[in-house]
Structure formats: C-alpha cells, structure tokens
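> Chain by chain, the residues run as shown.
There are 4 protein chains.
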Amino acid sequence: MSQTIGFIGLGNMGLPMAEQLLKAGYTVRAFDVSESILQAASELGAIVTRSIGEAAQGASVVVTMLPAGRHVRSVYLEPGGLIETAAPGTLLIDSSTIDVDTSRMVGSAAVDAGLEMIDAPVTGGVMAARIGKLNFIVGGTEASFKRAEAILSVMGKSVLYAGAQGSGIGVKICNNMCLGVSMIAAAETLMLAKRLNLDIKRTYEIINQASGQNWALSNYSPLPDLIDGVPSNNGYKPGFTAGMMRKDLRLAMDAVSSVDASAPMGAQALAVYSLFCANGDAQTDYSGISKLVGGDAWDYPFDPGK
Amino acid sequence: MSQTIGFIGLGNMGLPMAEQLLKAGYTVRAFDVSESILQAASELGAIVTRSIGEAAQGASVVVTMLPAGRHVRSVYLEPGGLIETAAPGTLLIDSSTIDVDTSRMVGSAAVDAGLEMIDAPVTGGVMAARIGKLNFIVGGTEASFKRAEAILSVMGKSVLYAGAQGSGIGVKICNNMCLGVSMIAAAETLMLAKRLNLDIKRTYEIINQASGQNWALSNYSPLPDLIDGVPSNNGYKPGFTAGMMRKDLRLAMDAVSSVDASAPMGAQALAVYSLFCANGDAQTDYSGISKLVGGDAWDYPFDPGK
Amino acid sequence: MSQTIGFIGLGNMGLPMAEQLLKAGYTVRAFDVSESILQAASELGAIVTRSIGEAAQGASVVVTMLPAGRHVRSVYLEPGGLIETAAPGTLLIDSSTIDVDTSRMVGSAAVDAGLEMIDAPVTGGVMAARIGKLNFIVGGTEASFKRAEAILSVMGKSVLYAGAQGSGIGVKICNNMCLGVSMIAAAETLMLAKRLNLDIKRTYEIINQASGQNWALSNYSPLPDLIDGVPSNNGYKPGFTAGMMRKDLRLAMDAVSSVDASAPMGAQALAVYSLFCANGDAQTDYSGISKLVGGDAWDYPFDPGK
Amino acid sequence: MSQTIGFIGLGNMGLPMAEQLLKAGYTVRAFDVSESILQAASELGAIVTRSIGEAAQGASVVVTMLPAGRHVRSVYLEPGGLIETAAPGTLLIDSSTIDVDTSRMVGSAAVDAGLEMIDAPVTGGVMAARIGKLNFIVGGTEASFKRAEAILSVMGKSVLYAGAQGSGIGVKICNNMCLGVSMIAAAETLMLAKRLNLDIKRTYEIINQASGQNWALSNYSPLPDLIDGVPSNNGYKPGFTAGMMRKDLRLAMDAVSSVDASAPMGAQALAVYSLFCANGDAQTDYSGISKLVGGDAWDYPFDPGK
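Protein chains in written order, with my numbering: chain H, 1 to 306; chain F, 1 to 306; chain W, 1 to 306; chain P, 1 to 306.
Keep in mind the hints are simulated off the structure, nothing from the lab. Because the structure is a prediction, the values reported are computed rather than measured.
Below, in silico cross-link-like pairs of lysine-lysine (DSS-like), each with a Cα-Cα straight-line distance of 25 Å or less:
hint	chain 1	residue 1	chain 2	residue 2
1	F	K146	H	K201
2	H	K157	F	K201
3	F	K201	H	K146
4	W	K133	W	K237
5	P	K146	W	K201
6	F	K291	W	K291
7	P	K247	P	K291
8	H	K201	F	K157
9	W	K237	W	K201
10	H	K133	H	K247
11	P	K291	H	K247
12	P	K247	H	K291
13	P	K291	H	K291
14	W	K157	P	K201
15	W	K291	F	K247
16	W	K201	P	K157
17	H	K133	H	K23
18	P	K247	F	K247
19	F	K146	F	K133
20	F	K146	F	K157
21	W	K157	W	K146
22	W	K247	W	K291
Using the sequences and the hints given, assemble the complete structure.
Laid out in structure tokens, this is it:
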C-alpha cells in the first residue's frame, strides 16, 4: 500500500507538485479553499478532502504550499489547523515562500506539539514544478531532512540542506535578494553598453567571463538574442514575474528589518521593481526590468562604424 | 635586434608591465615624470628617456599607462606629445583606465595623424601585472588588435577583442560597474544571513550554486573563511582598494551621464563606496565593504541551536 | 465630578500625557504591564488598575499609547481586551504610531462593536509630551474628532483633523517619511558645502531662504552652531533617535508595500538610517546622520582665503 | 553717457537678462555664436559684435551666460577670449551654471590677469528672467560683489553674497541637489497618500505645516489642484524641465566626486530623474516626476467612505 501524503494549497505551484507525487505512486489527500482547484486535483487522481484535519488524516507527511505568512499561520495554528489535527510524529513540510519569523514560530509550535517540521521553499517556478525539476532548500533537523528527502526528490532535481528549521526560507530569501540586484545590474550594464554603441554580443561574452559576471547575466539574460530559451527572447512573457520578484524582495527587506540589518542594494532593487510594477509591469517577466532602465535606448541600432 | 617599445607611465602598474616586456627581450624606452620611477626602470634594464618624443623615438609600438583622462589628453595631444612626435604608422597602446569620451577622442586624433591606436585597459591589478597575468580588453581595428596581440600576450594571460576603438575601455567600465554592485550585494547578503543566524558556510555554498551567484561571491568572498586566497581572510589588505572601485564607479557614472543612460544600481554602488571611503576606508580592499553593511553584526557568533 | 479617562500604556510618552490629563483635573484609570510604571502613575495621582477591563471601567474615553501594531491588536482585540470590555459608546483614542492596516482593522472592529474610535498619533516627542505641546493628527468621524478635541487639547498644542479613521496614522507616516528624507538631504548638502570650502553660515542662510529649504534644515539643523536649541549643538543627544526614525521609515515602507506604491527616496532614507543604526548609532539623535554622510570631513576647517 | 556692458551668450536666459539691462538704460554689446540670436538682440537695442574681444571693447563689465563648463573655459581662456581681450580692471560676471572646479579655475586666471571676476549663477528660470525677478547667488570678493550689485539688481529681485569666488556656483549646486531630492520626496509622499486613500488636500495642508514640509511641497506642488500657478496644474508644461534638473544633479554629483564627499540622497535623485528622462520625459517639468513614482495610481479616485 502506498504512503499517504496530505497536500494543502494546490495553486499554480502546488498542483503540479502534487501531480508529481501522484505519478510516483503516492496517495495524495488534497485540500484547498477553491472548489475548482480541488476538482482539478481530483482529475489528477487525488482524494478530495473538505478540511485541513481531513487532509492530514492517515498521512505520515503533509505538504503545504501557501501564498503568504498569514495563510501559513492560519493553516497551522488556528483551531482545526494542522498542529491541532495532525497525528503525533507527522512530518509537516512547508514549501511556501514566507517570512522567516513566521516560519520559525510555526516550526517551533509544531515541535512543541510533538510533530516534525521542515521548511522547504523552492526555486525554479511553475515550469520546473511541472516537470519535477524544482530545487528545494530545506531547514529542519538532519533527521527530518533525511525523512523528507525521498518525497522532495520526486518533485525536485535538487534537495539541499541549509540548517536548522527556518534556514530553508532564510537562505532562499537571501538568494533571491541577491538575484533581484543582479538582474537589474545585468540589465543596466547591457543597456549602458548599448548606449555607448559597444558591440553587445562581444560585451556580453567578455563580461560573462570576467569579474562582472552574475547568474542573471549568464543564465537569464535581460536583453534578447544573447542566449537561448529566456523570456527576453519572447517579449518577456514570464517565467517569474516582476511582481513575484517584488514580493520576494519585500520578504528580504522584512527580514532585514527584523534583525536590524542593512542592505542598500536590496533596498534599491525593491525600489526599482516597485517603480516597474507600479507603472503597469507587475505581470512582465522580471528580466523585463531592462525596459525601464533601458528607456528610449531600447531600439538604438548598433553602428559598428561609429 | 629586438623590437623597441616606448613605455610612458611606469607607476604601480606600468613598471611591472614594462618588466615583463624586458624579460621577454624587448628593448624598452621608458619615460615618466618621476625621477625615482625612471631610476627603478633603469635598474630593470629599460633605457631612460627625458621626454615623450624621446621615448617614442625608434619605437614601433608605444604603451601608455596613466592615472586619468587628463594625463592621457596631455601625453597624446599637447605639443611635444605622442601624436606629434611618434613616427607615422606607430602603434599606440593606451592601457590607462579612463573615460570613454577621452579614449575615443584621442584615438580619433591619432588615426587622423596617420598613427594606429588601440585602447587596452587591464583587469587583475598589481599582483597580476607582476606575473604577467593581466587581462586585456582591447578596442581598435582588428588589424591593430592582431598587431598588438603578441606584445600584450607577454604581459597578460588573456587578450580579448571588444570592438572599435574605445570599446576596450567601454567594456571594462561596464564590467566594473556590475562588479561594484555585485560585491556590495554579496556582502549584504552574507551579513543578512549572519544576522538571521543562518549557517554561513551552508548559505554560501547554496547561493553560490543558485541564482544568487555572482563573481564577487564565488571568487572574492567579502566574508572571511569561505574561500582561500582572498583579502577578507587577511584583514582586507588590498588587493584592489575601495578607493579604486570608487574611481571606476565614477567613470561608469560619467559614462552613464554622457549618453543619458540610467543605472540605479551602479549609482547606489557608488553612493555606498563613497560613504565607505569618506569614513576612512579608501585604502581598505573593496571587499571590506562588508564592514560597513555588516555593522555591529560583524562578530555575531553563529548559534546552531537557536 | 470630573470625567474619567482610561489610559493604557504609560511609557516614555504615555506617562507625561496622562500627567497632563491629571493636572487638568481628569480622573485617570491607568493600566500598564510594568509594575514600576504603574507605581509612577500612582504617584502622579492616577488610579492604578490591574487589567484592561478595569482601566476602562466607568471611563467615557480610553486612551492607548503602545509601542507597535501587535500590542494594539492584543490590547483591543484579544479576550478581555478593550473592544470586549469597554462600555457601549466609549470613545477609544489610539495614539500609538503603528501600521495603517492594523489601525484601520482595529477601528473597524471597534465600530462594529458599538464603540467610537479615532487614531490620534502624535509628533513632538517626549519633551513636547511633558509640557503638553504635542501635535495630534486625528483620523475618525468628524463627530468623534469633536468629541476628542477637548481632551487632546489638554495634551497637545495642535489637534488636526486628517479624515476617516486610519488617516491620522496615515498622514503621520507620510509626513515622517518625507522628514527622514529631508534630514539626510540637509546633512549631505551642508557636508558637501563644507568639503567645497564654502562659508557654511552663508550657505545655510541662502539655502534656507531658497528652493533647497526643508523643515529639517530650517528647524533641526544637522550641523552645529547654525541655529539654537537643537541636538546637533549638544553632541546629538536625543531628541528623537535614529532608531525611532528607522522605525517610522519601516512603517512607511510597509505602507508602500501594502498598497503597491513606490517611494525611492523613502527607501533610500531607510537604507541610510539602517546603515547608521547598524554601525552603533541607533541611540544617537536622528540629525546625527551628518556624522555618517559627512565622514572624515567633520572637522575640516573652513579656509576663507582658499 | 550710459555705462557699457558686454554680454556674451544670449540664449533663452541671456536674452531676457540683456533686455532688462537695455530697458534700464545700459549700453549692451552683444556676442553670440548664433546669428539669429544676435538679430534678436539687435532688435531689442543691443549693439551686435562679431567676437568676444569686440563685445568687451569699452565695457567696464562683461556678463557671460553659457551652457556648460567647456563653453566657459573656451570663452574666457582661449586665445582671443575674455581674459586676453578685456581691459585691465574689467569686472567679469559669469552667470552660467557650471562645475565648481571650472568656475574657480577661470576666476583665478582672471584675477592673475588683472581683472575682477564673480560667479553669479541664477535661480528662477526663464519666466523670472523675463520680468527681472531672478535670484543671484554671488561668489567673489566683497568689493567685486558691491561693484556688481547695481547691475545684478536690474536683472534680479535678490542678490545674495555667498563668499569667495566659486561660492555662488557652489551654493547653487548644493541648493539644487537638495531641491531635486525634495521634489521626488514630495511626489512620492503625496502619491503614497493617494494610494492609502487619504484625503489629499488635508494631507497636503497638514504636512505643509509639519516636519515633512519642504520648499517643493509648499511652493511647487507635484500634484495638481493643491496650490495655484504651478506646472502640475497645467499638464507639467515647464517651467524647469526634468532634463535641467538632471543636469544640475549631475553637476552636484561631479562636485561630490571632486571632493570625495558622499551624498546618497542626491545620488538617488539623479538616478530617479535619469530613469524619468531616459523614458521620454526630459522635456516635462521636473515636478512631473510624480508621474513616474505615482505610476498607475495617478487616476485613483479618493473614496471618502472607505
């Protein structure tokens, strides 16, 4: 008999994640507030349930994939929530991208109640979720990590251990703050090169091998026709939207505030994405920030003779 | 008989570059405004000259390595300068890191006067210069590039072609703007992780393999004890100073102004390095920016049980 | 018989505010979680109570002065809290500086429960509280505003009506965001003048009459010896600390996030105050930001002959 | 017989300034590189001249109003320029807004040549120039200042003494840096209030009387319908364009670089105006920055019942 996994929150990310578990032969007990989402889960083979407690029933593991900290607090902490209804020893896996404080507080409450909990946020987005190629960054005890590894490996191509509970979300937020900065830096660097009438392809190749290199430049070029398979080649159809990057940068700046840190580049990245989104581009891929920083240079021709 | 190369400007960078040429068997005619520098060049085997014109005499190639645009304008354009005194067909190689406008203007004047000119700024710093491992980024005609390649290869481990004259300096400025942003981003990301009581080594390893990666993080970690051979392990003894990074960011922002570009991350990087230098750290290695953004978290212990 | 006012939260600000009410002849029923604070209130003539409900008993008006949104949520919304225990028709006045969302949510809950509520945050700080010279910015119905006016006038020199409930806190946050920006701008402008060897007194007088003027420059000069009675003349002894300004800027940026706004100058002000506080100056007066932006120019002498 | 004044540079600003001198009865000897401008000056009663030297001939005072530092260097320092051709003891008044370094260098050269020189940049723009209501900020000796006062008073409503030569331009640059910051801060503050559904008129009135006040808010509101006679009421028709503010902020950041200062708010203001101009708004009034920071909230209705 297959192992039973509760799954709460089957939206854009959660549904394809649950689908991977079903394909791998797990029994999935699904719960979501949306009837149409439950219907979709049912069509994929999940058992539809009508409450958090019902989803957790008979499950040795429960996965949650929720939009924000307040949903996580509600699903875990409220009467009828996971901490109240899950059987002792259940492993709770929260893959939501939320604030560190909530993650640590909920994890601590779960342990106090005799449960195990890890935070296991993902990178890679909807496309990666659909093909089981997410990256999980996991916080929790090493024992819990080992217990979760097989299940997470069904949904992801990499499962990395970050440290104590809360560390998964902590490292993800740090990573994405750095990424938000890198993407704008890559965009403004290439657009400056364009205005300077430099040969963009040569500029790109040189910087990509030199000290100005960053992941966004190398793997997710914000200018088109430099590398294959990126949103900039396709009118900045997302991918990962500018609005999602803004959300992650807000989480980062919340973390900065919560520990009295300072992060002037992260703050600037949030300011620039906020301008971009407030001017109508929240649904554009986040690499489209080159449109804002590039401005009217967007269609400047390169004149090799100049 | 060996080829004769004029060399003008033999400071911290120029002297070890000339030394490589001498070691490779070239005849070097040296000129500098400093008597003690000329003395040092003489001891390495260079022929000491007393004017720009004398240094250029009989040389098929002249290399210049000067501190700023105004020195380049003076050495090339003034009466008695290179453009007036170099023999027709001489190849002029300017390795100074200066503004794009000056580089293009001087290059254009040289060509008008029947000379060849390339801009060939370097990355890698004094240590690389001493062992002939600089990286040259070259702007000029492809013919001039090919003509310069053998000589530059004596002083550098890589010689990259960037495009028309001025492109070497243009690409270097773009690269270093992106690098300045990356270094601060790496520092504030790791210091945020420290304040969040994350495991720094694990955080570093994960981000370094993920989308938050950049060159500064991977190769020049601003926090100690993460990788070998970097100034952060050695009290931020430079290396490349914060003052030098500030200079390069100023050149970048000058370029931004000159072509009506916008570069909010580059502007922020300059603002942060300006704060750092104005508070007494101009001579600290540029990776020491972690001291400013880290603040009083610098000595926070990591508590794995928290 | 005098009117009875409940007063919850008698810290640095609340205690002197309650003292003004006592001096004006009101009966004050005080509650605080700190025993020593209650003792101090008792010595000023307040009736000490042991719970929120007891403080509200027999009071037609209850004033709260609490540190943060979570305390306000707790005092108003939890079982035994104000909304449960206050008599129908009681006027609740929250003078805490908190986030707009909490203020609006609590106000709405109060009205639903048959109570009246205004938010009435203050400006002016502890010194103003001690002499009854605070400024109140009030949000609520006009009827509630009129009902509160007499009491607030006892504690403040100005009582301004900002609009619907939540508007008092909203306007205060907007005001203080603008102030945080102004203070840094004033500091960096004067420190630039100092480095340029301009006559600071003349520079100050001219800008103060010209388009560069702002309130911080005119009334709270971040450089000493320009106007009387400001912390810069007294080693930046607060006054209003840098840490408090950071708190208000965090509230502002939370508000920006909550409504998808963009505020690049406010974001930068928070980044700069975060650097300042993280480097050990959270308890310095907020005008002391001139130390960070001024750096080593602090003691530059003015040389009128240069 | 009337006093003769040379006037060099009669563009948008220079022509109406010269007109005021003519109206006041001065003889004006005009020189400009544009034939049509000289024609216009002639129609106003000026004597047209064909060189710098001819304009200076017989003049006890020469006024220059030029676009940038390089024009000032050229007009004053080149062969046939003012310093060579003006009669000993001539008072040179440079009203151009240029960099401090050029102003000081040219002033020093003039004094060395036996001339008197003041820098006297203006604020107030073309409209003020047309009605003789400019504000002059003057750098030079007090004797030169007194000598210039009568003439400047013909063109301006205020003539302020800032200190030694170069101080006029220094103070103006400091002032305008602070103004650029203030305008964006005013815009983002009001647009945040709008998104928070605050009553904008009340918000404006309260902040304008409180610590968030600045000159831009009080006198040049970036949102329409708050005060009379400002470009925001008129579709942001300039006035003083965003491009001109960008130019002044560039001069400010050049000054910051030249003396190793730090000005994070000024840097941010330049970054924001650069984004605005690069996206097609260089000719919009600088108060139109509210369009960029306001984004899609521009037409949000105020709902007093919310």
